[in-house]
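Undergrad: Chain by chain, the residues:
2 protein chains.
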Amino acid sequence: MKFFFEPRGIAVVGATPSKEKGGHIIVSNLKKGYQGEIFPVNPRYEEIEGFTCYPSVADVPDPVDLAILFVAAHLVPPVIEACAKRKIPGVMIQSAGFSEIGTQGEKLQQRAKQIADRTGIRLWGPNCMGLVDARRRFVFSTVTPSIWDTGLTSGNVSLIAQSGMLAGAFLIDLMSHGTMGISKVCSIGNKMDVDENDILEYLIDDPDTTVIGLYLESFVDCRRFMNLARGTAKPIVILNGGKTARGAAAALSHTASLSANGVIVSGAMAQAGIVEAGDFYQLSDYCKTLGLYPEILPQRGNRVAVLTYTGAAGIVSTDIMDKHGLVLSELDATTLNELKTIFPEWMPPSNPVDMWPGIILNGSKKVYGKAIEAVCADPGVDAVFAHCFAGGFSLETDLEMMAKTAGKADKPLFCWISGEREQVHEFQVSAQRFGIPVFREIVRAVECIGILLNRPLVDEANGLARSAEKIPKASTETRLRMLESEKGQLDEYLSKKVLAACDIPVVEERRVSSLDEALQAANHFGFPLVAKGIVQGVSHKTESNLIRLGISSIEGLESAVKDLQRTMQVQGDMLIQKQVEGKIELTAGFVRDPQLGPCVMCGLGGIFAEALNDTAFGVAPLTLEEALKMISRLQCQRILDGYRGLAPVDKTALARILVSLGDLGCAWHRIQEIDINPLIIHNGLPIAVDGLVLLSET
Amino acid sequence: MKFFFEPRGIAVVGATPSKEKGGHIIVSNLKKGYQGEIFPVNPRYEEIEGFTCYPSVADVPDPVDLAILFVAAHLVPPVIEACAKRKIPGVMIQSAGFSEIGTQGEKLQQRAKQIADRTGIRLWGPNCMGLVDARRRFVFSTVTPSIWDTGLTSGNVSLIAQSGMLAGAFLIDLMSHGTMGISKVCSIGNKMDVDENDILEYLIDDPDTTVIGLYLESFVDCRRFMNLARGTAKPIVILNGGKTARGAAAALSHTASLSANGVIVSGAMAQAGIVEAGDFYQLSDYCKTLGLYPEILPQRGNRVAVLTYTGAAGIVSTDIMDKHGLVLSELDATTLNELKTIFPEWMPPSNPVDMWPGIILNGSKKVYGKAIEAVCADPGVDAVFAHCFAGGFSLETDLEMMAKTAGKADKPLFCWISGEREQVHEFQVSAQRFGIPVFREIVRAVECIGILLNRPLVDEANGLARSAEKIPKASTETRLRMLESEKGQLDEYLSKKVLAACDIPVVEERRVSSLDEALQAANHFGFPLVAKGIVQGVSHKTESNLIRLGISSIEGLESAVKDLQRTMQVQGDMLIQKQVEGKIELTAGFVRDPQLGPCVMCGLGGIFAEALNDTAFGVAPLTLEEALKMISRLQCQRILDGYRGLAPVDKTALARILVSLGDLGCAWHRIQEIDINPLIIHNGLPIAVDGLVLLSET
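Protein sequence lines, in the order shown, are assigned to chains Z and B.
The numbering of the first sequence is my numbering, which starts it at 141 and goes up by one.
The numbering of the second sequence is my numbering, which starts it at 141 and goes up by one.
The calculated label-pair distances, taken between Cβ atoms and stated as ranges, are:
no., chain 1, residue 1, chain 2, residue 2, range
1, B, Pro434, Z, Lys142, 53 to 63 Å
2, B, Asp538, Z, Thr838, 53 to 63 Å
3, B, Thr707, Z, Ser684, 37 to 47 Å
4, B, Ser358, Z, Glu648, 57 to 67 Å
5, Z, Pro519, B, Ser158, 44 to 54 Å
6, Z, Lys171, B, Glu562, 23 to 33 Å
7, Z, Pro157, B, Pro434, 52 to 62 Å
8, B, His809, Z, Glu721, 36 to 46 Å
9, Z, Lys702, B, His680, 38 to 48 Å
10, Z, Glu721, B, Thr707, 12 to 22 Å
11, Z, Lys142, B, Ser772, 58 to 68 Å
If you are wondering where the hints come from, they were derived from the structure by calculation, not from laboratory data.
Computed from a prediction, not measured in an experiment: that's the story for all the values here.
Quick reminder that beta carbons are idealized off the backbone N, C-alpha and C, glycines included.
My request is simple: use the sequences and hints to build the entire structure.
TA: Given below as structure tokens:
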């Protein structure tokens with residue numbers, strides 16, 4: 141991919157001397173910062189912006205590694221052909237008029253792709269804004285030139301955006317507000333050939349990039365994406381557009397109906413250690429934070445010292461921190477004594493540190509300086525959140541000194557700024573210069589502190605950077621011979637046989653077809669028992685009145701069996717099960733996502749499964765550790781951790797079930813969905829009490 | 141209160157000619173806009189800023205309605221005394237050094253308050269930034285003068301802030317960013333006399349105020365606050381600081397332990413129709429929105445048309461809307477046809493309306509204009525969300541025309557703006573001028589659309605503007621004679637007798653002390669039964685192993701009774717209850733909050749009560765309608781509304797229980813806490829299966 145990012149020479153096909161047109165802007169943007177050779181291509185001109193203009197791609201001299209195309213869509217395929225012939229390795233197509241405009245454009249795009257497949261030439265775009273490298277000052281884009289003169293702030297955050305307009309517009313916004321340093325912005329457009337994974341792979345190895353942000357509406361290959369993310373310690377932040385439009389994968393099983401609205405994608409992102417954002421500025425703020433503090437390791441602690449000039453903002457910060465998993469540092473005696481030296485006598489220091497009375501007494505620079513010094517030296521402080529005001533109240537601060545103090549102590553410093561407009565902007569720009577993330581809203585600042593301090597550990601060497609696809613035990617296949625002649629929805633009995641064959645604990649049960657057999661089963665199991673009717677094609681037995689719980693005597697069993705037989709009308713089979721006692725009902729399942737393939741789910745079960753939507757999804761196959769992390773993402777941790785005298789749930793046993801479910805689905809490609817609901821927790825151990833396996837036809 | 145807001149003359153005590161000092165700034169701020177008489181008071185000067193200076197308050201001539209004090213704290217009480225003598229009705233104390241600095245200041249404050257109580261003079265402050273009236277250009281404050289020259293944008297939003305620094309700093313921020321119109325800002329400081337309720341009452345009647353925003357850390361009288369809010373259709377928005385610091389009221393009952401972290405306050409706010417914000421800019425953005433669209437009635441519908449120049453922002457808006465209870469309008473045929481006239485032929489219009497290809501074809505002004513017109517004419521559109529860009533891409537818009545079109549159609553219009561810094565600011569300022577709320581983040585814009593469209597109906601005439609305290613039925617007192625000799629924690633049997641006496645449905649049960657009596661009870665009730673041991677002082681029977689469920693035979697009862705007697709060691713009494721079958725377990729309760737007094741709770745019960753924290757609180761006494769609204773605030777609506785074949789919960793029956801619980805607590809002041817857990821839903825009807833009543837000593 142280096143020919144895209146660091147080409148030795150660039151041909152601009154469709155270059156023109158008419159100002160304001162894309163074909164001119166590209167050349168003039170190149171002229172501003174690009175150091176290599178620039179070759180405008182257009183048969184109508186001899187010279188553009190002082191560069192010799194060539195009649196065709198074939199005429200362009202060496203060295204030329206990249207062609208940027210800005211010509212009418214229908215001309216794109218022949219130009220690509222010409223580039224391939226000229227041995228140009230990369231083409232960046234900034235023209236629009238392809239798959240985004242429907243069938244006709246789609247055909248053009250396919251023609252272009254065929255040329256790439258045949259010749260090996262790589263295509264970036266089409267319908268994109270190209271590439272901006274703020275460090276090298278390379279602008280391979282049609283975006284208007286004015287912004288590049290003043291705004292390009294060099295940094296270590298690289299962005300990948302599926303939307304061209306968004307990439308261009310947002311970049312102008314970020315740049316002109318001067319509050320974020322950028323390394324590369326890659327607008328990948330329709331990604332017909334070069335896609336997010338190619339760019340991600342390049343940026344992971346790029347020494348100029350320490351954090352990668354993405355806006356994506358779809359994944360070309362989400363598993364490759366996840367594996368790339370797992371294989372690096374560089375933080376990755378993503379905004380997934382279009383999540384709510386992702387309907388449920390199917391509707392038969394609980395698992396499938398719970399998989400709507402992008403929860404599977406969110407599960408996959410969490411599994412790969414990727415941070416999710418919900419809006420554009422949130423994405424850029426997360427990236428900015430992680431880019432400014434690349435050396436702060438994940439999970440360093442969640443204790444924050446808040447320095448404020450107004451008690452109210454300290455209080456509100458504390459409230460918001462509580463929602464984002466952060467706590468106030470308990471300042472130690474040394475820190476409190478240090479603070480006392482700048483506080484009025486009547487005021488005992490505490491956290492949040494309300495500096496205002498001290499500022500009246502000693503001036504703001506001294507008080508901010510001393511306070512930062514004191515809290516940075518405190519071993520109980522993991523991060524410092526300073527509230528600043530620009531434009532009045534004698535609240536000047538020495539940002540450079542503050543940054544240095546925090547830097548020396550290896551404590552990430554965050555600022556909230558408000559005040560008079562121009563002075564706020566100056567503050568933001570100098571904060572950026574000194575490497576301090578600064579925010580206009582407390583809530584965003586706290587979100588970012590949380591993202592930095594609480595982000596998951598990426599175990600690059602071991603767990604996450606594992607081989608792409610773990611192969612499930614070969615023996616699983618053998619054990620599942622019973623499935624070979626089956627298709628569609630398996631009944632509960634057979635479904636649980638499948639689960640049991642894969643070492644998932646299931647309730648003890650017998651399939652019976654008569655009262656006599658039922659009584660024999662009772663004799664074998666003892667009471668209390670459950671009786672269920674098995675009717676082909678009925679998956680929700682509760683609603684169909686096919687379950688009799690709490691049978692505690694022979695008479696009870698007799699009447700339950702007769703009753704079930706009446707309900708089933710035809711003489712169907714029945715299941716006689718030991719009744720499993722347990723207050724906690726969970727659910728677990730397997731589903732094939734159209735984009736992500738085999739996925740595993742766990743969550744609250746029983747009537748709470750769909751109503752409360754406390755679920756976690758993961759992409760199979762899972763490692764045991766990944767399954768444990770999935771479980772830890774459930775909100776109902778208090779219930780799992782030994783609630784009100786109940787035995788704590790054996791999370792390893794639960795995780796093993798999730799691993800098995802995933803392995804089962806990976807091993808048997810005809811398994812479409814699996815439901816275990818309820819998965820009752822009995823004395824801390826999960827037991828599958830009902831199960832459903834759905835097979836595809838072929 | 142008019143003498144504070146529209147005084148005919150003002151004495152400034154502590155006035156000084158030394159610039160930069162508060163005593164000078166107040167006079168010079170007054171001079172800029174205040175039209176009445178200005179009387180500096182200071183024995184050391186004869187004239188300040190061109191005004192005659194008086195040696196003492198006694199010497200100030202008529203008319204004088206207000207004295208603003210900026211003198212050392214210890215001088216404040218004698219000056220108040222002098223003001224009272226001079227018959228000045230109001231004093232605004234901007235000096236600090238009172239209760240906020242500890243005991244010594246607290247004493248001074250008490251002395252001042254005593255003078256007010258004795259003389260009837262009203263005191264505003266101390267430790268406050270005073271009052272700013274942007275419409276009249278009255279600035280009664282020590283805040284630096286520069287800002288008032290340029291920034292004071294007149295509007296209809298009034299703010300009340302408990303924190304002085306915050307009020308001043310935030311106001312400067314809002315004003316200098318020029319994106320919000322203000323009516324009055326009231327900084328009430330330590331509120332030793334004039335408090336939030338006095339000001340709220342004034343602003344509710346103020347014709348210049350259409351929306352009121354508050355930052356409060358405590359309520360002087362929350363019930364009065366609620367009643368004021370209920371009595372007006374003016375929207376009220378509040379940011380409550382310090383919610384996470386509000387610990388649980390007590391620890392004995394579930395209800396009390398669930399009442400931490402400000403959930404009671406949030407319940408009270410919701411009950412009074414008050415909108416809650418979580419951060420300062422969120423507060424001001426909510427106020428701005430409600431202030432710009434005072435004529436948009438609550439609950440007008442939640443269907444939004446999104447007009448965008450980039451598909452990505454349309455997709456992200458849709459995702460965020462989904463989280464805030466908003467949906468995309470289904471545009472009707474006329475609208476789609478209108479949009480077709482500005483779209484390229486290959487592009488079928490839909491919502492979000494991606495205007496970019498149309499803009500390339502027809503120019504942005506025409507396309508924005510036509511698109512706004514089309515969606516505003518669509519009866520399926522409740523609000524319009526337009527994405528704009530300032531600074532390039534030929535994306536100019538005619539904001540004035542857009543505002544007029546939307547205004548004519550009575551459709552609230554919201555803008556998201558990004559782009560080049562200066563041009564973004566210009567856009568924000570003109571949007572403000574044309575009355576369009578404009579936001580820098582999609583998520584905030586969507587929050588505000590949600591706040592405007594989804595806010596609760598305030599039924600000024602009927603429900604909410606009810607008399608302050610409904611008196612519970614007199615008969616309740618009579619029925620509860622049994623409590624007169626009791627104190628502390630009542631046992632389950634007596635607790636449920638109390639509940640039953642107040643018409644709360646309770647499980648059928650008998651208190652027994654021997655196996656014989658238990659068998660008689662079984663004979664009376666039939667099986668299945670529950671047996672419980674009653675041990676004085678034990679409230680959590682499950683954890684103490686004092687419950688035997690599902691007893692289905694005489695032998696079972698015998699062994700359960702023996703077992704319980706063994707567990708209780710001494711021969712305690714037992715309860716024999718009919719076993720109530722029901723999949724849904726709720727909980728309900730009563731607690732006395734230190735600030736709010738009697739409060740009622742309902743939520744998910746059983747093991748989920750505390751673990752999932754799905755609860756709603758309300759302030760008692762409740763009307764039936766208020767109780768129903770409380771229930772509607774629970775997240776578990778899907779479970780209540782007839783989930784998976786279960787009977788839907790009779791919400792009116794549930795609401796009656798909540799009303800009764802509140803009445804019970806209001807009628808009997810010795811009732812401290814009540815717990816009903818579980819409240820089992822049996823065939824849709826709630827039945828109290830366990831109960832706990834806690835009485836205070838006196």
